[in-house]
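Enquirer: Going down the list, the sequences are from chains A and G. The opening position of the first sequence corresponds to residue 1303 in the working numbering, with each subsequent residue numbered one higher. The opening position of the second sequence corresponds to residue 647 in the working numbering, with each subsequent residue numbered one higher.
Among these hints, one or two may not hold up.
Cβ-to-Cβ under 8 angstroms is the rule here; a few derived chain A residues that face chain G [to be verified]: (1) 1305; (2) 1340; (3) 1341; (4) 1343; (5) 1366; (6) 1369; (7) 1373; (8) 1389.
The following residues of chain G were derived to be distant from chain A, with all beta-carbon distances above 10 angstroms [to be verified]: (9) 919; (10) 964; (11) 967.
The hints are simulated quantities; they were obtained by calculation from the structure and are not laboratory data. No residue lacks a Cβ here, since even glycine has one placed at the ideal position from N, Cα and C.
Single-letter residue listing:
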Amino acid sequence: MSFETPDDRRYLESHEWALETDGTVRVGISEFAQDELGDVVFVELPDVGDAVDREEAFGVVESIKAVSDLYAPVSGEVVGVNEALFDAPELVNDDPYGEGWMIEIEPADAGELEGLLAAADYADQIA
Amino acid sequence: MSVRKPPLFGVHEERGASFTDFGGWQMPVEFDSIRTEHEAVREAVGIFDVSHMGEIVVTGPDARELMNRLTTNDVAELAVGDSQYAAIVDEAGTMLDDTIIYRLPDEDGTPSYLFVPNAGHDEGAYDRWIDHRDAWGLEATVENRTGECAMFAVQGPDSPSLVADALDGPGADVDRFTATHVTVSGVECWMGRTGYTGEDGYEFVLPWEEAETVWSAFDCQPCGLGARDTLRLEGGFLLGGNEFDYESNPRTPIEAGIEFAVDLETEFVGRDALAAIAAEGPEERLVGFELLERGIPRTGYDVATPDGETIGTVTSGTMSPTLGKPIGLAYVPAAYAEPGTELAVVVRGEPKEARVEATPFIDIA
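So that you can see chain G by itself, here it is in the shape it has in the complex (with noise of 0.2 angstroms):
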């Protein structure tokens, strides 16, 4: 797979940026200091370039249908500007991906979608919604957007009065978890209340070659992907590739937490496997928890019982700026998933005390 860089990584290279491969894209981690990116995020107003993102648009008499088959939420329930978050699941109930979905205006009096794959899974999923829609004998086109745009994200307290701001017109009002056409310069972005942070915020996809008008529009910190990692996960967020992995780290959404995003009374792939575990009870699940001893926990590091028996393990593991507490997320059997249950997480050899503690860490927007 070719080494895929978003539109303005020649402008972050300007800035001092430094980057990391992602997904397969070559993204900034780092601007200034994680921990001045993370504060900024936290206490005022940051920017993202988030263009690692996956794009795909589907329209069509039987894109509602489509969506819904394969996605775990009810699309149904999406107004024109409604967001949704969602897995995409196989046969067994196990994560593909997660994904916000948006309801885009309609075209030609039928619905139209777009939802937001991770990093390097959106020709999975273009492949996956082109086979099934021609198995199901659907009609609906998909079309895979993400070398055509860009995405930012402005998060923070301060976004809301920031992006009244930048834009041309209204719109900076939005409810949360909506969203809508705006122009920012005289770019048009489609623009929702939504993020990744735990903080109030908008998200702008736009188009790739008019990426440096919309970024230069917003005069605040520019953050990598390293402080958008401890943001998310002081807010109790999936990460695609450490809390769940098709491959290396096959996961239920009822595992990983989000039975939220799952509607069983929806007819989709997977329905009938995830109903039987709502059902029993998942063997496992993902919980957070904090070292309560000198460590940082991360990803790949045992988790045990206070005994010894090793039961687990860590997916994501952080010193929490705002807090300032160790903390990290991990799979442990169920038995073990309640707030307040005493574990110990093995940081090179040595057990470390910690507890379960309920998720998100913060209290969030």
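Extracted from the complex, chain A is given alone in its bound form (with noise of 0.2 angstroms):
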């Protein structure tokens, strides 16, 4: 099977993505991610306001059958929680690179973005 990984964002190898926009990072987890986790059931993500570290854990993503943290692609402050998948975790699962994303991230340093993994490199690791 091979996973749908956009050009128009980021990569970590621990499989979140990064996408800039007017000045802040949005996060989300790859296709595949979502994929390997199963029906997500739970998700546990910072308040707005607070700070994250680069490659430092953020939160927590859980499915019927694993737990698993989740990791920022940099550092900064948190701009933006997206409340509806604690209602709707499943989201996660239905649209991982769209409404399935988790945080937006007012990036300290937007020079960080550039060390993360190109799409067709990530692509190469999820192969």
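Assembly of the complex is requested from the two constituent chains, each provided in isolation within its own frame, with the hints serving as guidance.
Expert: So, in structure tokens, the structure goes:
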């Protein structure tokens, strides 16, 4: 099975994606990651205003069978949280690159994005 | 220990299953999604490959006595075709395993039994039966047929009609908890109206080499161990390795809440120890609970009082696909075992409100 890896965003080896729009970085998990997890039933996310550190855990996603940490692609301040996931965590399965997004970060150093995997490199990793 | 594979490993792989190691077996854990498989069994019907379960056959003039002295229930109650749940315990009453015992048709006028140990426990059970038979001088043959037998479970409210269609003759209307020989596509199977999902259903024991013929006779959702676990947990059934484990979580059947499978009127290894515990009451009990805050209880999480005193451990937990609520099983001091008792489950360092609930969590068949 092959999974989508949209090339408008960058990726972490731990399967999070980061999409920059107007200076903020939206974060979610890849289609591959949601498939590996199976039915997502719970997400635990930070609050707006919290600080997150690059490659440190910022939250947790749980499927029926597994618990997995979520890692921040860049350091910065949380400026948005997808609260829709609290009532509908299955959005992570249904639309991992869209409505299943998790948090938005105002990066301390936007240059950190450049250090992440390009879509083609991430696609190779999961191939 | 080498990894064992079920006879249909390749068939399941072809179907897109993912696998997990369970009791030394590589077993399908998920075919489509746990939720899809779970819902199929609750609302329609699904089929599980449970060939990791052991099969041991005990036959002979003293078969009944051997079975009765090594299991906690009363085998003498079983007529041909009846089945019974029981524990296997040591002298101290600590559970080695739990099992289903079927009485097979008599052989040469003597009783014959099939019992089904959990995955990876067949060799230990076989040795235990042989050792005690010899020590007690009993006349019985004991055969470990685990490597010759496949086992499938067809479970769900629509299983009677699916099974009726698959059988070459009658038999699908067999009573709950009884078993009989049937044929499926020409293959003779031992079929019991038993299961581990809380739904009506059937379990088939059949020759290893005929596995594909029988499996393909049931056109329904294939289900893996993931859905088997969420289904049994909603049903409040024990999972060996979680709710009891001889090494890491030694428990008696009384604290595990299966007193109904312990008949203290019979003589069995561990009987006196269990009689004493039953008379005094166990120090701890297995309880069902519901988490009242957002979160999911997982095996090994601490259970605390509302004041924060740690009093127990979660043995199993999940987000119940049927109820849409986080549920689990845990051992707590007996004083906290009453349904309605308020507890806390510590999720990643945060105590979350929980409440003791009667099990099963759902209405079971």
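Enquirer: Going through the numbered hints above, which ones does this structure break? Give me the numbers in ascending order.
Expert: 1, 7, 8, 10 and 11
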